[in-house]
Amino acid sequence: MIEKVIFYVFAAILLLAATLVITARNPVHSALSLVLAFFTSAALWLLVEAEFLGIALVLVYVGAVMVLFLFVVMMLDINVAVLREGFARYLPLGALVGVVMLLEMLLVIGASQVDLPGFAGEAAGSLGEDGGNNIRMLGSVLYTVYVYPFELAAIVLLLAMIAAIMLTHRRRGGTKHQDISAQVRTRKEDRLRMVRMPSERNNDS
Amino acid sequence: MDAMIELAWTVTKIVALVIPLFIAVAYMTYAERKIISAMQLRRGPNRVGWHGLLQPIADALKLLMKEVVLPQNANRALFVIAPMLSIMPALAAWAVLPLSEGLVIADINAGLLYVLAMTSMGVYGIILAGWASNSKYALLGAMRAGAQVVSYEIAMGFALVGVLMSAGSLNLGEIVQAQQGPIWNWFWLPLLPLFVVYWISGVAETNRLPFDVAEGESEIVAGFHVEYSGMAFAIFFLAEYANMILISGLAAIMFLGGWYSPFHGLPLLGPAFEWVPGIVWFVLKTCLFLFLFIWFRATFPRYRYDQIMRLGWKVLIPVTVVWLIVLSVMILTGFGPWF
Chain A
75 MIEKVIFYVF
85 AAILLLAATL
95 VITARNPVHS
105 ALSLVLAFFT
115 SAALWLLVEA
125 EFLGIALVLV
135 YVGAVMVLFL
145 FVVMMLDINV
155 AVLREGFARY
165 LPLGALVGVV
175 MLLEMLLVIG
185 ASQVDLPGFA
195 GEAAGSLGED
205 GGNNIRMLGS
215 VLYTVYVYPF
225 ELAAIVLLLA
235 MIAAIMLTHR
245 RRGGTKHQDI
255 SAQVRTRKED
265 RLRMVRMPSE
275 RNNDS
Chain B
58 MDAMIELAWT
68 VTKIVALVIP
78 LFIAVAYMTY
88 AERKIISAMQ
98 LRRGPNRVGW
108 HGLLQPIADA
118 LKLLMKEVVL
128 PQNANRALFV
138 IAPMLSIMPA
148 LAAWAVLPLS
158 EGLVIADINA
168 GLLYVLAMTS
178 MGVYGIILAG
188 WASNSKYALL
198 GAMRAGAQVV
208 SYEIAMGFAL
218 VGVLMSAGSL
228 NLGEIVQAQQ
238 GPIWNWFWLP
248 LLPLFVVYWI
258 SGVAETNRLP
268 FDVAEGESEI
278 VAGFHVEYSG
288 MAFAIFFLAE
298 YANMILISGL
308 AAIMFLGGWY
318 SPFHGLPLLG
328 PAFEWVPGIV
338 WFVLKTCLFL
348 FLFIWFRATF
358 PRYRYDQIMR
368 LGWKVLIPVT
378 VVWLIVLSVM
388 ILTGFGPWF
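In order, the protein sequence lines correspond to chains A and B. If you read the first sequence in the working numbering, its first letter stands for residue 75, the second for the next number, and so on. If you read the second sequence in the working numbering, its first letter stands for residue 58, the second for the next number, and so on.
Just chain B, same shape as in the assembly (with noise of 0.2 Å):
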């Protein structure tokens, strides 16, 4: 009887985590056509409801209307698949992902190892969608997208290593606890290479521009989901902006203090803000990460296939490397209010 209880009771907070997660997802497009639209003087979507804010809603209806349409050839099994292994890691890893203090579906030691598993797990549903797809333009977005992730990993996994040195712990909560204070007492400063280098991992892993080349369209028409269609191809939508707000989020926890006010402990400005709930500053904090993206997507042209295997191999694993030993020397003597 116990066990049904806490069966349902988790069931309850994976629900409640879930579903703010889909509408962030939904409005997160939105948001993305307003910004772009706003960078580029257009207007954006602005006919459906009020400003254009019930687009997202119309999108989805429209897609879920359409017909999903299986390739003569493809690998029928595999094909249906590939989707559902896209997005389920992308909403697995927040299991353990704090929104405020003590606020976890999962509150593991090995958080940080399993937010990694979950994350590399991702590039399966990409290979997949593109290899049972039996088209050589989707063959070959999943050949870019498997060999770019699987290079990114490294760096990013090599980023990580430098938060668990200094917060000492693997979880999650405990990471954010070590970086109690001000905001200069959060890791973005002493590990603000780690901290670039996560960022520019994360956002290659994701898959997005400059380092969309898995979808390229103008190269490859739309890379491994050109053979997609209404629903199917949806789910590959929701897991790339579920991921982005995944990567965001980790960041926040990560490098900006999670739920910490970026005033704590200070004199005045302290006790001032006092009142905001810890998950409002977390949110915050996933939002400028967002916002980036975004603009990162009007801003920047797309590398060159070549150029991204080079930045990932021989720029950014090497600047985690030595920042590693800068680091462990930091740890050592104790240096400034971080160790």
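Chain A extracted, bound-state conformation (with noise of 0.2 Å):
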């Protein structure tokens, strides 16, 4: 009963904040109602149990990807309004995409998992008998059943990765940049001399 009604209340906040995030005016605001629907939908997925899922999803997007986007956002000095002229003229197209990929969501998980009741029973039940330690079922699949696919994406992450510092880091003529390791490496003997001198007192006398 209890979990009915968080379910209920979670996904009122989701489905707010996915509106907000097209509709808000800053895109500050944008982007803070995506970290907001990020949140709720892991909040959700603890409801059925998955809470490697939904603790992954808070630590990988909330936590690591969406502060990289605010950031990006916070720099940007973007124009909404002008972002948004042409919206009534692609809303058809907009809203025809959205249909589609409706149809093929529910083609694919079927219309037996909408049904609500059964949901969080299933969910639970068809966790076996490890104590619904999820987390270790995962990891015995994945490095097992799954582990060429598995590594496969990984070789294609670490591909995109490598890819986008290549991007990023060629070398431009004309910029002054810091060797920090020279600057560590550096002797008292390379920067202080001494001098030895008469002090000036002695002089003056």
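Keep in mind the hints are simulated off the structure, nothing from the lab. Warning: the hint list may mix true and false statements.
In silico BS3-like pairs for lysine-lysine, Cα to Cα no more than 27 Å straight-line [to be verified]:
#, chain 1, residue 1, chain 2, residue 2
1, A, 78, B, 70
2, B, 193, A, 250
3, B, 123, B, 193
4, A, 250, A, 262
5, B, 371, A, 250
6, A, 262, B, 371
If you follow the hints, you should be able to join the two separate chains into one complex; please do so.
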């Protein structure tokens, strides 16, 4: 009973936040609504005992990706009114894409899963005899049955990372760089010269 | 009815944790001022109460009475929300910290991940405060804080991967139980490089000296909270100190055997310290790390911004990666008394 109430409260917040993402006038508000949407969907996942997925969503998307996102959005001076100009014109196309995506999802997941009352129970039952420790289960499946796809995904991600670094890491002329390891390696003898000279008071007299 | 009783019981537990935490934060500020003054051959606060012991309460009252000034062109809603966003994760993460055997609010399996997720949320308060204040110093502080926290989170996460590999669990209670035994059985010894990396990243995550470029009062006035006054400023202060206590408590749990006594299981000393409750050991270990925080502040000059980034990406992360490989070999060969 309480779980159902919590579910509907979180679902309502999620829908509200998702709507705010596209309707907010301020891009920073949009990004923050997206954070809220991620957070509430993580809470929904916790509700069906997918604790690893829920917390990983908060850790990766809320904790890292969205911080960088906000970072960029704050630096840019985006005028949302200009971006919104063709809203009515593109609405039918957007609606069509949305409907197609909804249909595809329904086909994949199947209508039986949308049935709410049995949802939490089924998810809990499918966890098996491991006391609901779905991190252990995920790990044992990922590293045995799906080990090749898993490693392949890792390599693809690594490639993307190296490509991104290579794209930005070109040497430009005319910039000044600090070579920190050279700075750290300096010795006192390189910078400091001790001069022996008579003190001035003796000269005066 | 049962649900109501359970809810009330949970709320009681939360209150019983949060109130001592706030008192600890208040007296942490007092301890900081006293210890630093002792290190600098001063007296520190000594006017309010016996040896200045009522000083934190006087400070809190002063901040409560002050006006909260809203800058004219600030984004009001975010300006008000930002302090709350910075203190909420610092408190929420305490839910999974076992203070003693079984003494924990939420005993969840993914405890370590939960803690990481919560500590990574703390940066929002800083970033939003910097942006919403509509001040260049605040924005600079926010940018620095964002880049710094995101970079050091990676090193910290890698260090914690070592802990969970050694313990074979993400549950903080089980991590402590895996370290059962005297002081050399705790994880600080086999995971020494990771322990150091964790601690440095922890100091950087809380934006404390020598990594306090987000505040940098000598370069950018006070960084992200330059426009805040009164209680709103006090909440940022509270969050910083609550975060320090949290990082210290986590270090005690993951590397110094949590509630176990350092003489646990030794022939003579073990029984001699049997009577000490586990929570006392936990608090003592946490205080040790808190003292380190203050000691660092009194000792080290502030890092330059590019040096911070270099340390995080080019020193700490490679160290953790190498040690994770060494650790896997140690675990596979059943090295020492730990694995």
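How the hints compare with the structure:
This hinted pair checks out: residue 78(A) and residue 70(B) have alpha carbons roughly 24 Å apart, not beyond 27 Å. For the hint linking residue 193(B) to residue 250(A), the alpha-carbon distance of about 25 Å falls within 27 Å, and the restraint holds. This hinted pair checks out: residue 123(B) and residue 193(B) have alpha carbons roughly 24 Å apart, not beyond 27 Å. A hinted pair counts as satisfied when its Cα atoms are at most 27 Å apart, and residue 250(A) with residue 262(A) qualifies at roughly 24 Å.
The suggested pairing of residue 371(B) with residue 250(A) holds, with an alpha-carbon distance near 20 Å, which does not exceed 27 Å. Proximity of residue 262(A) to residue 371(B) is assessed by CA-CA distance (about 25 Å); at most 27 Å being required, the pair is judged to hold.
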